[in-house]
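Colleague: Residue strings, one per chain:
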Amino acid sequence: MGLSLDLREQNLKTIEEIKSAIEAAVPGAGVEIAANPSPSGQVSLRVEPSHALAVAKFLRDDADLKLDYLSNVTGVDWPESLEAVYHLYSVEKKHGPVVLRMHTVNRSDQVELPSLTPIWRSAEFQEREIFDLYGIVFTGHPDLRRLLMWDGFKDHPMRRDYVDPDDFEYEPTAHDEVLKRAKSHKDRDQGSGNREQMAGTA
Amino acid sequence: MILAETKAKELEGWNRQAVIEPKGDGELLEVAMGPHHPSTHGVFRMDVALDGERVIRLKPVFGYLHRNHEKIAEGISYLGSMPYTDRLDYICPITNNWAYALAVEKLTGQEVPERAEYLRVILGELTRYQNHASSIGFLIQEMGASGTPLMYAFREREKILDLFEELTGARMMVNYMRFGGCRVDASPGWLDRTRKVVAGLAAFVDEFERLLAGNEILMARTQGVGVLRPDLAVNAGVTGPMLRASGVNYDIRKVDGYGIYNRFKFRVPLGDHGDVYDRFMIRLLEMRESIGILEQALKEIPVGPVMSPTAKLRGFRPKPGEAYGRIEAPKGELGFYLISDGGPNPYRYRVRPPSLINLTVLEDMCLGHDIADVVLIFGSVDIVLGEVDR
Amino acid sequence: MLGEGILKGLTETAKNFFGSYFSAERLTTVEYPEQRIAPFEATRVFPFLVYDAENRDGGGPEWEAGLRCVACQICEKECPPKCIYIEKSKDKKLDYLGKAQYYPARFDIDISVCMSCQICVEVCPFEAIKMDTKFELSTTDRFGGLLLDREQLAKSNEYYHQIHSAEATAVDAKLAIEKTKFDAKAKVAAATAIAKAAAVAGEGA
Numbered sequence: 798m799g800l801s802l803d804l805r806e807q808n809l810k811t812i813e814e815i816k817s818a819i820e821a822a823v824p825g826a827g828v829e830i831a832a833n834p835s836p837s838g839q840v841s842l843r844v845e846p847s848h849a850l851a852v853a854k855f856l857r858d859d860a861d862l863k864l865d866y867l868s869n870v871t872g873v874d875w876p877e878s879l880e881a882v883y884h885l886y887s888v889e890k891k892h893g894p895v896v897l898r899m900h901t902v903n904r905s906d907q908v909e910l911p912s913l914t915p916i917w918r919s920a921e922f923q924e925r926e927i928f929d930l931y932g933i934v935f936t937g938h939p940d941l942r943r944l945l946m947w948d949g950f951k952d953h954p955m956r957r958d959y960v961d962p963d964d965f966e967y968e969p970t971a972h973d974e975v976l977k978r979a980k981s982h983k984d985r986d987q988g989s990g991n992r993e994q995m996a997g998t999a
Numbered sequence: 023m024i025l026a027e028t029k030a031k032e033l034e035g036w037n038r039q040a041v042i043e044p045k046g047d048g049e050l051l052e053v054a055m056g057p058h059h060p061s062t063h064g065v066f067r068m069d070v071a072l073d074g075e076r077v078i079r080l081k082p083v084f085g086y087l088h089r090n091h092e093k094i095a096e097g098i099s100y101l102g103s104m105p106y107t108d109r110l111d112y113i114c115p116i117t118n119n120w121a122y123a124l125a126v127e128k129l130t131g132q133e134v135p136e137r138a139e140y141l142r143v144i145l146g147e148l149t150r151y152q153n154h155a156s157s158i159g160f161l162i163q164e165m166g167a168s169g170t171p172l173m174y175a176f177r178e179r180e181k182i183l184d185l186f187e188e189l190t191g192a193r194m195m196v197n198y199m200r201f202g203g204c205r206v207d208a209s210p211g212w213l214d215r216t217r218k219v220v221a222g223l224a225a226f227v228d229e230f231e232r233l234l235a236g237n238e239i240l241m242a243r244t245q246g247v248g249v250l251r252p253d254l255a256v257n258a259g260v261t262g263p264m265l266r267a268s269g270v271n272y273d274i275r276k277v278d279g280y281g282i283y284n285r286f287k288f289r290v291p292l293g294d295h296g297d298v299y300d301r302f303m304i305r306l307l308e309m310r311e312s313i314g315i316l317e318q319a320l321k322e323i324p325v326g327p328v329m330s331p332t333a334k335l336r337g338f339r340p341k342p343g344e345a346y347g348r349i350e351a352p353k354g355e356l357g358f359y360l361i362s363d364g365g366p367n368p369y370r371y372r373v374r375p376p377s378l379i380n381l382t383v384l385e386d387m388c389l390g391h392d393i394a395d396v397v398l399i400f401g402s403v404d405i406v407l408g409e410v411d412r
Numbered sequence: 008m009l010g011e012g013i014l015k016g017l018t019e020t021a022k023n024f025f026g027s028y029f030s031a032e033r034l035t036t037v038e039y040p041e042q043r044i045a046p047f048e049a050t051r052v053f054p055f056l057v058y059d060a061e062n063r064d065g066g067g068p069e070w071e072a073g074l075r076c077v078a079c080q081i082c083e084k085e086c087p088p089k090c091i092y093i094e095k096s097k098d099k100k101l102d103y104l105g106k107a108q109y110y111p112a113r114f115d116i117d118i119s120v121c122m123s124c125q126i127c128v129e130v131c132p133f134e135a136i137k138m139d140t141k142f143e144l145s146t147t148d149r150f151g152g153l154l155l156d157r158e159q160l161a162k163s164n165e166y167y168h169q170i171h172s173a174e175a176t177a178v179d180a181k182l183a184i185e186k187t188k189f190d191a192k193a194k195v196a197a198a199t200a201i202a203k204a205a206a207v208a209g210e211g212a
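Protein chains in written order, with the numbering used here: chain W, 798 to 999; chain A, 23 to 412; chain E, 8 to 212.
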């Protein structure tokens, strides 16, 4: 009760069958199964970026799978690489999810991945958001620019090593770390907003 | 501005619905329907390039309400994120809570007691009703009705919010669902009051329909405006009433059958044309279906506990793994994708926002129409900026 | 005929307008601040600290001596926006059970940050922090006026009964049960100690 139908009940092939179907249709695709130890049962397929577009087209157009609805595109920041995770469902056959993952080569200079927007238009805004917040460059995206941050913004906020810029205006009740950083803004002309600063005990 | 530079030719092949070229020469007028605007449902900007009054290009710009909820969630525990989910789609906090609780329950395999499931359905359908009532009210308001239908809708909404306050302590930011059930049990008095309120909801939908559905001004302004093709809708990831108005039968309550929805008999209304009028009528019809589900649930709700005995409040550390849990929120498919690394905080916490993804097709629906129609089409998408920007 | 839908709509509006003179259902406006709606039992706005006037260990004012809070800092850790700031005391005082507990030397809640989520109430093991219902708290002091300290937060158990009577009665019952259990255990422990001392004295003699 409360858990959705697993892949088998929905008449969707098992993950091994999907993998063999992909390898049959796109030779040399380099698809692996990535395990998921949690009880959710949502196992994912790791795809090589070079063949991702062909694999995606096959998944969308194949008569049995017909995964025509891309529900969610997520960016993840791992210690050695960045990752994009795609959750696919089928509106026609009412089954899913099939999860695809792609890793970049590293986190610093080789951060390109192919964009799946030509296959599923719903990736358009979501890939822009991942570019904005993680820095993955999606080659082939029609309009890759920042989505949530403003255009001139540098750096990528969702990365684990992101440091907040030190330009906050005031903190009414700062303490610990924030107080230490607020002290350096003592002479800003908005007036000191900190209780200890006003009392002179900062 | 990038707008006037985008040539129509570049957009071909990207599954665009239409490609409009301006008539004659001269410059396009670029208008920023800016973030400070009474009709944009929040801080939302649309850069529109106009040829006279016809829309040639439209680009939505948002991020003014971006609070980086996903990063906050990486720094606090799973339970601590629950009040933040209230503030995503702030008109429907119950369904946000439910989607997050469902995702965590999938991640840990947690069972939910039956009474809690019934309470979730009751509160979820009440939320859907008041969301659709507000959405229609705001759409009519933007058409120029100066707030009368909106205030009638808000009168009903007040009754529902009073029920929420009595049960959970807050009208909107309820923080009610927990992983493994609901926070507080509903007293028999609350259930009686809910039955009384539900008995009056159908009369309101009738009144609303009499007030609006035959109104000639409404029909002239909304029929044939902002048509969305079904294949584009599916490919662009549109979900919720917008998808069903285009004729695609996909309701996650029926497809996934999460919770106990497969016990209730309800129909899924579908539209024929995919225009603004269809989206408006779909929301009205879904309000009626919600009343049906509420009556069934209030009749069948069993006694029992509302929290699973295996649920933990503090020291909650799910095992490593990932899960994607989704529900049919009033605005579309609301999903939460969680990656756990075994610690008390999530490693990755992602919200799949229906409002953001439904906006993908805003440009396609608006091309060729007048700028006055842009406000209506945008209102029929029914977005909430808290969810778009997170 | 053209316009029929509009006329039908206008009759609905007229029904509502004229009906508002006759039925309360149609006139729902409450003219705040002259009229107010009574808050619900479960309404929550901002937290406050409960003190028991009967618990008078230690000197100082009544609210300070009777605070139930033992500065365990669980609410500070679980608070999502981190608006609670606690400093533990160096010494201990007796609580209502008679056990020596720390108390908070400083307990600040920044209500401009607090989001009324009530998680602090849920996780407190000592029934020390509960939700208040006052919301007319605006102040002209932009910086310190919304930072409530220990004294502003401490409210008596009688006040708690006034605002949340059912909840307060349940809490009192629970604390009374704990006291009886604790007293029973203490009696048993004292009896065994006396018996042991008597046995030792008997051997020694």
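Please note that the accuracy of each hint is not assured.
Residues from chain A that face chain E, not an exhaustive set, calculated with beta carbons under 8 Å [stated by the list, open to error]:
hint	residue
1	Leu-183
2	Glu-187
3	Met-194
4	Leu-234
5	Asn-237
6	Val-290
7	Asp-294
8	His-295
The calculated DSS-like cross-link candidates involving lysine-lysine, where the alpha carbons are at most 30 Å apart (straight line), are [unchecked claim]:
hint	chain 1	residue 1	chain 2	residue 2
9	A	Lys-334	W	Lys-891
10	E	Lys-95	W	Lys-977
11	E	Lys-106	E	Lys-181
12	E	Lys-95	E	Lys-188
13	E	Lys-84	E	Lys-106
14	E	Lys-141	E	Lys-203
15	A	Lys-334	E	Lys-22
16	A	Lys-93	E	Lys-22
17	W	Lys-977	W	Lys-863
18	W	Lys-863	A	Lys-287
19	A	Lys-341	E	Lys-22
20	E	Lys-95	E	Lys-186
21	W	Lys-951	A	Lys-276
22	A	Lys-287	W	Lys-890
23	E	Lys-106	E	Lys-22
24	A	Lys-218	W	Lys-863
25	E	Lys-22	E	Lys-99
26	W	Lys-977	E	Lys-84
27	E	Lys-22	A	Lys-218
28	W	Lys-951	A	Lys-181
29	E	Lys-89	A	Lys-218
30	A	Lys-181	E	Lys-141
31	A	Lys-93	A	Lys-45
Since the hints were made in silico from the structure, they are not lab data.
If you're wondering where the values come from, they're calculated on a predicted model, not measured in any experiment.
Here a beta-carbon is modelled for each residue, glycine too, at the ideal position from N, C-alpha and C.
Colleague: Determine for every hint whether it applies to the structure shown.
Modeller: Hint check:
1. Leu-183: At about 11 Å, which exceeds the 8 Å cut-off, the nearest Cβ of chain E leaves the hint on Leu-183 of chain A violated.
2. Glu-187: Holds - the Cβ of Glu-187 of chain A comes within 8 Å of chain E, reaching about 5 Å at its closest.
3. Met-194: violated (10 Å)
4. Leu-234: holds (7 Å)
5. Asn-237: Hint on Asn-237 of chain A: holds, closest Cβ of chain E at ~4 Å, below 8 Å.
6. Val-290: Violated - the Cβ of Val-290 of chain A stays beyond 8 Å from chain E, reaching only about 27 Å at its closest.
7. Asp-294: violated (20 Å)
8. His-295: violated (19 Å)
9. A:Lys-334 to W:Lys-891: violated (34 Å)
10. E:Lys-95 to W:Lys-977: It holds: about 22 Å lies between the C-alpha atoms, which stays within 30 Å.
11. E:Lys-106 to E:Lys-181: holds (17 Å)
12. E:Lys-95 to E:Lys-188: holds (28 Å)
13. E:Lys-84 to E:Lys-106: The given pair, whose Cα atoms are some 24 Å apart, holds under the 30 Å limit.
14. E:Lys-141 to E:Lys-203: Status violated; Cα separation ~55 Å.
15. A:Lys-334 to E:Lys-22: violated (53 Å)
16. A:Lys-93 to E:Lys-22: violated (51 Å)
17. W:Lys-977 to W:Lys-863: violated (56 Å)
18. W:Lys-863 to A:Lys-287: Satisfied, since the Cα-Cα distance of roughly 28 Å is no more than 30 Å.
19. A:Lys-341 to E:Lys-22: violated (60 Å)
20. E:Lys-95 to E:Lys-186: The hint holds at about 25 Å.
21. W:Lys-951 to A:Lys-276: violated (44 Å)
22. A:Lys-287 to W:Lys-890: With Cα atoms ~22 Å apart, Lys-287 of chain A and Lys-890 of chain W stay inside 30 Å; holds.
23. E:Lys-106 to E:Lys-22: violated (67 Å)
24. A:Lys-218 to W:Lys-863: Since the Cα atoms of Lys-218 of chain A and Lys-863 of chain W sit roughly 46 Å apart, the hinted pair is violated (cutoff 30 Å).
25. E:Lys-22 to E:Lys-99: Violated. Lys-22 of chain E to Lys-99 of chain E sits at ~68 Å, over the 30 Å cutoff.
26. W:Lys-977 to E:Lys-84: OK: Lys-977 of chain W and Lys-84 of chain E at ~20 Å, within 30 Å.
27. E:Lys-22 to A:Lys-218: holds (22 Å)
28. W:Lys-951 to A:Lys-181: violated (47 Å)
29. E:Lys-89 to A:Lys-218: Status violated; Cα separation ~40 Å.
30. A:Lys-181 to E:Lys-141: With a Cα-Cα distance of about 22 Å, the restraint between Lys-181 of chain A and Lys-141 of chain E holds, given a limit of 30 Å.
31. A:Lys-93 to A:Lys-45: violated (47 Å)
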